[in-house]
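If you read the sequences in order, they're chains A and B.
Note that my numbering has the first sequence beginning at 1, numbered continuously upward.
Note that my numbering has the second sequence beginning at 1, numbered continuously upward.
It is possible that some hints are incorrect.
Which copy is meant is left open, so a pair is good if it fits within one copy or across any two.
[Claimed, not checked] Calculated cross-link-like contacts (lysine-lysine; reagent style DSS-like; alpha-carbon spacing at most 30 Å): (1) 373 - 267; (2) 447 - 111; (3) 672 - 111; (4) 277 - 373.
Hint data in this document are derived by calculation from the structure and do not stem from the laboratory.
2 protein chains.
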Amino acid sequence: ALQWDPIDNKAVDTVRVLAADAVEKVGNGHPGTAMSLAPAAYLLWQKVMRKDPSDDQWIGADRFILSVGHSSLTQYIQLYLGGWGLELSDIEALRTWGSLTPGHPEYRHTKGVEITTGPLGQGLASAVGFAFAQRYERGLFDPEAAPGTSPFDHHVYVIAGDGDIEEGVTSEAGQLAGTQQLGNLVVIYDKNNISIEDNTDIALSEDTAKRYEAYGWDVRTVDWFKTGEYKEDVQELFDAIEAAKAVTDKPSIIILKTLIGYPAPTKQGTGKVHGAKLGADEVAGVKKALGFDPEKSFDVDPEVLAHTRGALERGKEQRAQWQKGFDAWAAANPERKALFDRLEAGELPEGLEAALPVFEAGKDVSTRAASGKAINALAAQLPELWGGSADLAESNLTTIEGGGSFLPASITTPEWGQGNPYGRILHFGIREHAMGAILNGITLHGKTRSYGGTFLQFADYMRPAVRLAALMDIPSIFVWTHDSVALGEDGPTHQPVEHLAALRAIPNLAVVRPGDANETAYAWLETLKRRGGPVGLALSRQNLPVFERGDGEASGDTLASAKFVGKGAYVLAEAPNGTPDIILIATGSELQIAVEARQVLAGEGINARVVSVPSQEWFAEQSAEYQESVLPASVTARVAVEAGIALPWHTWVGDKGRIVSIEHFGASADYKTLFEKFGMTTESVIAAAKESLAANGK
Amino acid sequence: ALQWDPIDNKAVDTVRVLAADAVEKVGNGHPGTAMSLAPAAYLLWQKVMRKDPSDDQWIGADRFILSVGHSSLTQYIQLYLGGWGLELSDIEALRTWGSLTPGHPEYRHTKGVEITTGPLGQGLASAVGFAFAQRYERGLFDPEAAPGTSPFDHHVYVIAGDGDIEEGVTSEAGQLAGTQQLGNLVVIYDKNNISIEDNTDIALSEDTAKRYEAYGWDVRTVDWFKTGEYKEDVQELFDAIEAAKAVTDKPSIIILKTLIGYPAPTKQGTGKVHGAKLGADEVAGVKKALGFDPEKSFDVDPEVLAHTRGALERGKEQRAQWQKGFDAWAAANPERKALFDRLEAGELPEGLEAALPVFEAGKDVSTRAASGKAINALAAQLPELWGGSADLAESNLTTIEGGGSFLPASITTPEWGQGNPYGRILHFGIREHAMGAILNGITLHGKTRSYGGTFLQFADYMRPAVRLAALMDIPSIFVWTHDSVALGEDGPTHQPVEHLAALRAIPNLAVVRPGDANETAYAWLETLKRRGGPVGLALSRQNLPVFERGDGEASGDTLASAKFVGKGAYVLAEAPNGTPDIILIATGSELQIAVEARQVLAGEGINARVVSVPSQEWFAEQSAEYQESVLPASVTARVAVEAGIALPWHTWVGDKGRIVSIEHFGASADYKTLFEKFGMTTESVIAAAKESLAANGK
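Next up, chain A with everything else stripped away, as it sits in the complex (with noise of 0.2 Å):
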């Protein structure tokens, strides 16, 4: 039952004139669903979750998501309320530089931050992967245990708004959401008629209720205008979540009306409280309408301070009673505590090199073929590694053999049998962009690895969550496969010629192109290796020679071990006579034209070092004396080769260098063709490094 004072009104109007007083005092902001959500967040943080304010790792807490990431007063407020570590000062320091506050929730930033949110639509959407990450886990640690009995269940919950309805990656979600049957969300959808260009009725004219219950989604309203004045009746919102977590078959989503800005004398109800300050005279209507003084700003009754400092202690409880549980599943579980602690501790098995596959020189393997023997062979040592595909399972061969759909039991298909809510393979459907959010929300919610396949075209249909994951830092894994216009058939419109480029753009997200099968094993062992930002995998369709290679570094005619895959660029081969006159750089599928040209050149007796650049990032990384072995800046005759544009390769090559490149959108035939129309031949690198030794004075 709901405990609720009037130290607790008191509290939620608190919140309010903070919230008034925060954005009036940097000027700009969100203060409207801050001040209209005040109540259904702090029932949320003071009556419903399972929250330690004094562990935010805490693996047992609920786990929540402010969607509306532009209302970051509505966490910041209720992390001070709960101690979790922000203080007056901090919210005093809203939106300006070096706070705790800023403009949008940061995850790693500010503690109790659980994922950044903004760009609306992601937070809900990575909410599903949330879900999805709770009931995998489960499955890992304590498949066993009766429903809600387990250390490992929890829910999530989450506050969304218009722009979070309105934008198609929601929609995405919410489909796969439904059809997952997620109990463990919980999404309040606070309703408030009011965006940016005021009322929406302009834009949203939807049933919202009835399209969720189309996703299968358990649906709820509570209408606080249905008296036919606004009246905040928290017990009945309490009543609704609670009615919400007893449906443990569906996702439950809760729709809420409220009144933005509430009670702002003349601005609530309209746009102009949205997304700027109210200005003083409504602040202090603000105030007198609650009772406060209106002289006075940043004023917390110390009585409802610790009041609602009370989380603390009652967090240690929750822990405390949460702890016997786990105590009782460790000792009960030895093995899968071992897991556990493996997991928690962010490590990999020992001696994971050798489980990766072989691929023996002498055969034809495209990269992505040996992306799914790598991820089948890295799955048998790692429970924590699932995965699936945007509808592209069978092109993207993302597939763990045996692993299981993971779906709920009730669905069954002749290709896949019967579901597993524990299972390893994802099936997205056609939704790129949910993917990309889903995944984000898996990372971030656990100690697991997920990955998702599609066209690396349609990493455009994803980007929005890819940069969120580079923003974040979180280890999110894309695997993009069709890389080139070497997909072929299919045409320009799903030939990636930009792509690469694009990618390489955003900031901490490492595009990883393996230029063989071999390369591609330990592309995958180093993105599992590393745990800061996301790792795209850019993979060719087409088969590619496996290269004949020794067991360190490049000699001769001995092109060196794929095992330098992790350095970003190494030398593959090395100038004949072991003095390169030119360089030649190459990645991914078009690395075995550079070794052509190399092969080549040196019947004419150029001497040239060909360069394998499986990811610029990490390259990067490394230490400038590695880079200079590597790239020595006396060789300034240079060549680069990629199936995309030019751009990422200038700063590679310099002036006097060249770019085998293609410029322009791609066209419908066979890839050999394609190839050879727009100049990915082993005989425009030879000319180019021939115009690159001529620019040299060579």
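Fit chain B to the supplied structure of chain A, relying on the hints for placement.
What follows is chain B alone, placed relative to chain A:
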């Protein structure tokens, strides 16, 4: 009433056989839907749509969008049968170099293809733009006509599939289509329960009919399994289409339940028939099942072709009938006819330059504000100009004042007043991706020019649509404001850093970043003059100085006129002594920094030229002589400054140049602090200039 004879059945079966043969010949492609959609496509092209195969530009025609672009044969075979210019040899050349039948339908490549499709969701979303455009154009030319009586009345037909239903962009567009009550839109959703990962139950469990009802659509279901066996009841589908047309205040979707690959004996109804050739035995089985000779390929009964080519005569008659109405309209509406003729010719009114707003030097004006003024000044002269924003109108400043909201008259809000079905102000809601697709649809449909605004950050959300505009070479206009970290307090989730680079990477997209208010006005003029690829305007949130300029080229301390914006780059300020020691290159809000640096350097005896680069792409179109005049090869001391990553500038400055850039994500603070902290300052440019001079031995 539907006239359907045995020869029509034979023709439909011929479609299936041709589809199987064509994919078999090239060895790859998508036979399944081309086979099972044969009756629906044939019905539309031969029995339903008003089309004239002899004129694919006929404005009175119904429009057709194959949103399932992978099923391109669905359209190609109808174009062949209907006499649009494709012959059997073109069907045989499917998916090969230089053919008229590429893997996906390509606009401007194959006559009768009205939009490039393939990336799923785009066609169905752009269809909403086609439907918008039909209504707007009717409003321009013939607003008083009773419904269905105007030569500007027609329908937009779409064939969509499961991918379209899953992609979020169509949810956004579907919501908007419902709000807009688009009675002219009829969608056939081919529900065959199969996508690449086989049975769609693994990822699609929603009640799609209910979802579209929730959007406010007219929803019908045609179930060809309803008798217990699969029977293609063409009459039922025809009746559903007629009923859908009769609903004039809602868009219509007909959920058509089909058996993919029918009648492939062993593969129909499975994923095997979706995206791969059937194999010789299966193709033979199809032919046997349909009474065709399994020994023959590409075998078309001349009687069938003669029957279907009746479309040519039918088109002529429909055209003649329509022409009467058009001529009557033209006679009765001479002024509108004059407008029509101007738009048909793709011309602007004479002397439009004189209408541009002129901004006085000395004031500070953001380029978004200047853009708003330019839009309104131009809109007063150009009734064909309309546009809006994805819920950021007051930030993007995209509103045509007094233009009326493009909305049904039943929608009235306090902020915008009553909706006007022919209004010029578009409200997209928080749906950037649908906005992009809809703008493309508007642009493809007709003669008007339309634009849509959001923050530059959220260009990422609409990127797939932007790319398609570039690929189709159509002049959609994107207004991207808040174009750098100087967006300020909203922080890194909202601050573009890599976006200018990533957008410039898209071939055929012009990114235009004007450097002051007057450049902005000319940027708009130049954008409207152009009819090729899309333009994205990158505009500042913050105020910028309006430069004091002369009327011509730069000379001495007189800055050049802004009229050179269309050149892409021009000398804004000449070196004080007329001979540049160094060239300072800048765009947008950083142009002022370059101008200030020139002044400071002059004080130290260093003669710096300032080059303003509103558009790299427009500059690339200029003659080599002009380019050399702006950036003489002999001056290799160069500095570029832009508040984004350096990537796009390396080729502009060369090895001895320097770039002042931002290589990391932004932060939440006021913009002046951010520019200071991130080195976007005059001091940085001066230091870089001295470095570059030193690298040049000066």
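Okay, the hints, checked on the actual structure:
With identical chains, the CA atoms of residue 373 and residue 267 are at most 30 Å apart between copies only, with a shortest distance of 28 Å across copies and 60 Å within one. For a Cα distance limit of 30 Å, the shortest separation of residue 447 from residue 111 inside one copy, 18 Å, qualifies, whereas the shortest one across copies, 54 Å, does not. With identical chains, the CA atoms of residue 672 and residue 111 are at most 30 Å apart between copies only, with a shortest distance of 27 Å across copies and 53 Å within one. In this assembly of identical chains, the alpha carbons of residue 277 and residue 373 lie at most 30 Å apart only when taken from different copies (25 Å versus 56 Å within one copy).
Going through the hint list in order, the structure satisfies each hint without exception.
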